[in-house]
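With the hints as your guide, set chains B, C and D with the ligands onto chain A.
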Amino acid sequence: MDESTLSSLYSDMWLIRAFEQGLESEFEKGNVPGMLHTGLGQEATQAALAANLEATDAYFPDHRCHGINALAQQRHRGDGRRIMAELFGRSTGVCSGKGGSLHSADPRAGNYGDNAIEGSYMATVLGVALAAKMRGEPKVACAIIGDGTVGRGEFHESLNMSAIWELPTLYACVNNGYAIFTPVGKGHASANIIDLARGYGFPCEQVDGNDIEAAHAAVLRACDHIRGGKGPYFLEFMTWRWQGLFTGEFRPPDEVRYWREEHDAILMAGARLKEMGWTDDDLEKVEGEARDIIESWIEFAKESPPPDPAKATADVYAGFEVSPS
Amino acid sequence: MDESTLSSLYSDMWLIRAFEQGLESEFEKGNVPGMLHTGLGQEATQAALAANLEATDAYFPDHRCHGINALAQQRHRGDGRRIMAELFGRSTGVCSGKGGSLHSADPRAGNYGDNAIEGSYMATVLGVALAAKMRGEPKVACAIIGDGTVGRGEFHESLNMSAIWELPTLYACVNNGYAIFTPVGKGHASANIIDLARGYGFPCEQVDGNDIEAAHAAVLRACDHIRGGKGPYFLEFMTWRWQGLFTGEFRPPDEVRYWREEHDAILMAGARLKEMGWTDDDLEKVEGEARDIIESWIEFAKESPPPDPAKATADVYAGFEVSPS
Amino acid sequence: MNTETKTRKSTMVKAINQALDLGMEAFPEMFLIGEDIGEMGGDFGVTRKLWAKYGNERVRDTPLSEAAIIGTCVGAAMVGMRPVAEIMFADFLGECYDQIVNNAAKMHYMFDGQFKASLVIRTACGGGFGGGPHHSQSVEGWFLNVPGLVIVAPSNPADAKGLLLASIESDDPVLFLEHKALYRSKGEVPEGYYTTPLGTAAVARAGTDVTVVATMRMVPFALEAAEMLAGKGVSVEVVDLRTIRPYDADTVIESVRRTGRAVVANEAPGIGGLGSELSARISQDCFHQLAGPVVRVDGADTPIPFSDELEHLVLPGTDHIVSAIRRAMTQPDRGA
Amino acid sequence: MNTETKTRKSTMVKAINQALDLGMEAFPEMFLIGEDIGEMGGDFGVTRKLWAKYGNERVRDTPLSEAAIIGTCVGAAMVGMRPVAEIMFADFLGECYDQIVNNAAKMHYMFDGQFKASLVIRTACGGGFGGGPHHSQSVEGWFLNVPGLVIVAPSNPADAKGLLLASIESDDPVLFLEHKALYRSKGEVPEGYYTTPLGTAAVARAGTDVTVVATMRMVPFALEAAEMLAGKGVSVEVVDLRTIRPYDADTVIESVRRTGRAVVANEAPGIGGLGSELSARISQDCFHQLAGPVVRVDGADTPIPFSDELEHLVLPGTDHIVSAIRRAMTQPDRGA
Ligand SMILES: Cc1ncc(C[n+]2csc(CCOP(=O)(O)OP(=O)(O)O)c2C)c(N)n1
Ligand SMILES: Cc1ncc(C[n+]2csc(CCOP(=O)(O)OP(=O)(O)O)c2C)c(N)n1
Ligand SMILES: [Mg+2]
Ligand SMILES: [Mg+2]
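Chains as they are written, first to last, in my numbering: chain A, 1 to 325; chain B, 326 to 650; chain C, 651 to 986; chain D, 987 to 1322.
One chain only, chain A, in its complex shape:
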């Protein structure tokens, strides 16, 4: 990968990390309502996806995809801070605070919204893909799902229908080793999710989700295949999430150390950049910029007013009014 691409992805990864860390600290202070799941540790996978998805594509983010959402919102709409504001439940959020962490969407940024019933958009993505195919649009319709979510039957209904209809669907499975507390090998017949996907007959690839170069190349390959009209593609990103349980860390210390210290996406990308001649100062500058941006976004979110009360009963139906109770 050339230096400029890597440099840009490195910034993206820092933006994600700064976003999630900023958010986490605000959550701890009680400023963010509801639940919080972060994408910390999965920055390379997320940056690789975000870099290859256009505003005219459609992706379905999961509960850890704040980072992808922010990158897409920033790149395609110039207002990444509206993702932050949404998580704070503010009027300036992409859904005016009605959706929150688990239901942020902005289709003009290619973000078709999380569905907090894990796996349910495995079915929804089919419709977006089908419409694109029927209209002859070169859209990639992407579902981002965790390893745990593969347990849902709709995972298979979706792969099957994508296969028989040759839909432009990108399945991005983020295998971070666990569903909440359950190890992937305990929840599934195989710890390698591609084993469960291969039967559908379209290309399945497993890739190091913390190696930004490998991840980026894989997404590019998949998107080229799909945009070329060759049907669906399945990518499994092997990665790891920093977040343990709400109650703390539960994974073996060796595993924690490996992923956070030896195989961290940002550290590894930084090392590559240094091979290309970057200094520690260069790297730190990127981090500093990301943290400044996020600080301003958090400021923006906090200063934004709460949603208009009329929103509470607005838009239940497109064609009927609901009166305030």
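What the hints contain is simulated information worked out from the structure, not anything from laboratory work.
Just so it is clear, the structure is predicted and the values come from calculations on it, not from any experiment.
There may be inaccurate statements among the hints.
Unchecked claim - Using C-beta positions, here's what the derived DEER-type ranges look like: (1) B/648 to C/730: 50 to 58 Å; (2) A/205 to C/730: 40 to 48 Å; (3) B/575 to C/676: 27 to 35 Å; (4) A/21 to C/702: 56 to 64 Å; (5) B/648 to D/1312: 35 to 43 Å; (6) C/695 to D/1274: 33 to 41 Å; (7) A/320 to C/877: 43 to 51 Å; (8) B/555 to A/205: 26 to 34 Å; (9) C/842 to B/579: 12 to 20 Å.
Ideal placement from N, C-alpha and C gives every residue a C-beta, glycine not left out.
For chains B, C and D with the ligands alone, kept in the frame of chain A given last:
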């Protein structure tokens, strides 16, 4: 296969055929309420399963399994005619007429009942299998499903959970080439269902479902494996159903001819018996006996009284009464 | 209905088929999707000939994957298509309940109006043909408490056509219930394209003594009951709700305030069903006009048994409506 | 509750945990199943320590396969086990709706009593913590119209324990609703094994002027409202329904006949929910005793929005109950 086994299976197949043909003609006369799906053409698959399932096993029959139900009911309870009576909606039916063709059950015959929501008992079978495993009972818990039913997500949820828990589950997939009107290769990423099952890592076998010797041997192998505590087993029976649509035949004449004339289970088994020295008379005698039995069963059903009206509101709850409306 | 006046006698199946055909002509973004709806024309023949006319892409057969069918509709609607799904039997909606309730019905609201779930789910419901517990249910009660969902339930061919076209035009997710026992029923159906507005009830028969509120198959039963009782000097008004959610309370309330007596007829079990909703609403809003309690006609609180004899015992019919009306008529006048 | 009298202050989470523990001790055929309920103790900590005590087999973690979880319970119940499933959030019941409604609830009936669906589905429901549209719903309305299903909904720790043990003992499928906002609420809980009978309501506070019928979180709100109004000379009777299906109409009707005024409080949307069912029943059965229409307190007819400010606007609270009671009290006496 030795002659006595083959001879017994030959009788079983004739019982199924006579049952379904008798039923079909009663249905056409308007004597059987509701809808009718028959197992005609699939006699070898059904006889092979019925012969290997004990009263202490548990199988879930689908909408074409009247034949299996009748064989099980006859063998284990001595009252096969109660299956016929159930289809007529009579008080003497195995469910007193409350279930009918799509909901006949008698657990004492190993028959755990159809669920007319196709595929839903793919989940139910897990519980029967799990209970057997927890109790250390050598039970085979068998789900009989069509190729079309494989489209349901619960198919996969079931295979996955059987795999991770190493349950004593037998999946008997009856691939008769079509789901109503849809060819198996149009509905699924592969026309060979085992391709969709292999990812779960337990043995999957495809077998000629019209070759009674092959089918019987395969079921025996699977049951041995399961009873030996080695976990789940998947069998795909390649067969064909005589029944087209309610409105008539829709499949190519060559295909119809092949399956009905060249590759019919009963004709093929008869030919084998003749190789073993049977005469046409011997074969005809078996058919005649089957037809006589079925005639008496139909008589029994027709003469049986309708269900007690109290049944209409009985057993909604085990612990509460529902008053007649 | 709008303007068309030329009519033709037709079954409900044909009327629905016509609406689908006209919709496909009018809306290039419309497509049909479901199990065996293509060349075969659907289990009840409702989509017959549409595949030949519109082809594989716009009349799309699916595998037996109800959740994915509805998910596909939601996704397609998100990008501006107008999918119309057929779920062969309403009983199978349990498998795509999540997609309907948590995805389609909430989409517009939770994403702040950015997506429209402009889809229609057509499905065959109701009992009376020996279908047994999994092919006979009246499922509107499953969905009554779901904001964001529109539930439409025609009782005759003309309404079926107009309501279906209105459902297709609608930007909301519509659950379109087709009672199997009405499929072969005939009525005059206006030719050409017209819509019957969603959310409006129809006075199927005007009367002055008692109001019967009914849906789907209960409407012809109620009309039959009304006819029988007309001979006995009882003037029965029959209100056909047509849209179950959000429903036209105004028409119902106005009628009951006028007659002072109400019967609510519903094929599903009574507890927690449409009958309860209507009875509650009428009781609350017509408190001072009602001569007596709302009288209920419901299905028994049971699954639907297979045997004809038993099924007959759990489903309500004309007789039940007649006796309910008689019961209502024993209530003393209370001066509206 | 039966006989135990020694009590101990405990949260609802602990009371439920105790019931599960006692059930596991009493019934060798009982097992627990769900996502991360084992070593982790469940998302809300309800099954904490049970895995350590009873092991992998009887406290069974599952993949994220809600339909298969409930199917497993049904199958196990068919052969005499007593499975107790945890579905992490009630909102996820949409995915196993078919299993609950078409399989568990119909099993006993359609197979003529040959199988018992003796299973319990525990699940966390309700809003008020910023969970947004998919983690906050009150789902009883989804299941009200389903014969064969028992729906239990405790409002306090002691009932939660006794009702859960009764649910485990029951041979019917029980949907056991645990309101998240009540998990940390405390109350005196009798020690040891006892059951609180299913299908019986409790008079949570006796009163003479007006009856408030409530469930789950609405009960403490109603009690608070009653306390506030007691100071103003209004005597409020609060009936805690406890079992939603089949429910104890006798207690409700007896109370309303006595007070002549009824308020029905329910967190879910009003249309087609429990509020409608209760209002209909009360209006019909207390027609001659009611001083005025049943007054309703419901959630707004909307999904649950994420932002605290908006969520607050769609969920009912004590204030709403107070004003509903005041409204009921303006109704003229009508002599019981
Ligand atoms: C259908 C459904 N079941 C359960 C949950 C609760 N839940 C939220 S996240 C999660 C784990 C998902 O694991 P995975 O897909 O691996 O994602 P990860 O959190 O590891 O990124 C679960 C069980 C849910 N939201 N939806
Ligand atoms: C969930 C569900 N969807 C649809 C149906 C309607 N249906 C009944 S049989 C059938 C075809 C099933 O095909 P297959 O499993 O191949 O069985 P076959 O009839 O060919 O033996 C369908 C779609 C159903 N009963 N349940
Ligand atoms: Mg994971
Ligand atoms: Mg088939």
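Go through the numbered hints given earlier and state which of them the structure violates, listing their numbers in rising order.
2, 6, 7 and 9
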